[in-house]
Amino acid sequence: FSRRFAVKNCARCQTPISANELIMRAKDQVFHLTCFACTACNRTLKSGEQYGLRENLIYCRMDYELMFQGDFSLPSMSPGMGPHGAHSPGSGGPIPFYNGVGAVQKGRPRKRKSPMSDGDGCP
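Using this note's numbering, the first residue of the sequence shown is number 4, and each one after it goes up by one.
Fair warning: there could be bad hints in the mix.
[Stated by the list, open to error] Heads up, simulated BS3-like pairs for lysine-lysine below, C-alpha to C-alpha not over 27 angstroms straight-line:
#1 K49 <-> K30
#2 K30 <-> K11
#3 K49 <-> K11
[Stated by the list, open to error] Label pairs and their calculated CB-CB ranges:
#4 N59 <-> S21: 17 to 25 angstroms
#5 L25 <-> K116: 21 to 29 angstroms
#6 L36 <-> R115: 19 to 27 angstroms
#7 R28 <-> F71: 18 to 26 angstroms
#8 K114 <-> D31: 17 to 25 angstroms
#9 M70 <-> R28: 19 to 27 angstroms
#10 F71 <-> S21: 33 to 41 angstroms
No lab work stands behind these hints, which were simulated from the structure alone. Every residue, glycine too, gets a C-beta built ideally from N, C-alpha and C.
Start from the sequences and build out the full structure, keeping to the hints where you can.
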């Protein structure tokens, strides 16, 4: 009971978050909407915007790329964890981001229509 209804604290400002407040999540951390901001430039990030997460700190995409472009000690990502998928440190591609959402398919895949089944019977 207490774990289900326990008040969580914001990961940035450490003040309690009430049950009726809108929140942002990054991995297992919870933030007030106004606290979900880049650590470097303090710009508030919006829902769906790409961000980087390093040592439990949030960075906007631009600051993350500027700060960690040459740092190849980034934690590896599993496929589908971010918009760029998994990159090996030597790939020379952009630094991977973690946006907290994976590409998870729910249910069965859609059945594709065959080009021959247009209904008139003529090729």
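Hint check results:
no.	hint	result
1	K49 <-> K30	holds (16 angstroms)
2	K30 <-> K11	holds (14 angstroms)
3	K49 <-> K11	holds (21 angstroms)
4	N59 <-> S21: 17 to 25 angstroms	holds (22 angstroms)
5	L25 <-> K116: 21 to 29 angstroms	violated (41 angstroms)
6	L36 <-> R115: 19 to 27 angstroms	violated (40 angstroms)
7	R28 <-> F71: 18 to 26 angstroms	holds (22 angstroms)
8	K114 <-> D31: 17 to 25 angstroms	violated (37 angstroms)
9	M70 <-> R28: 19 to 27 angstroms	holds (23 angstroms)
10	F71 <-> S21: 33 to 41 angstroms	holds (34 angstroms)
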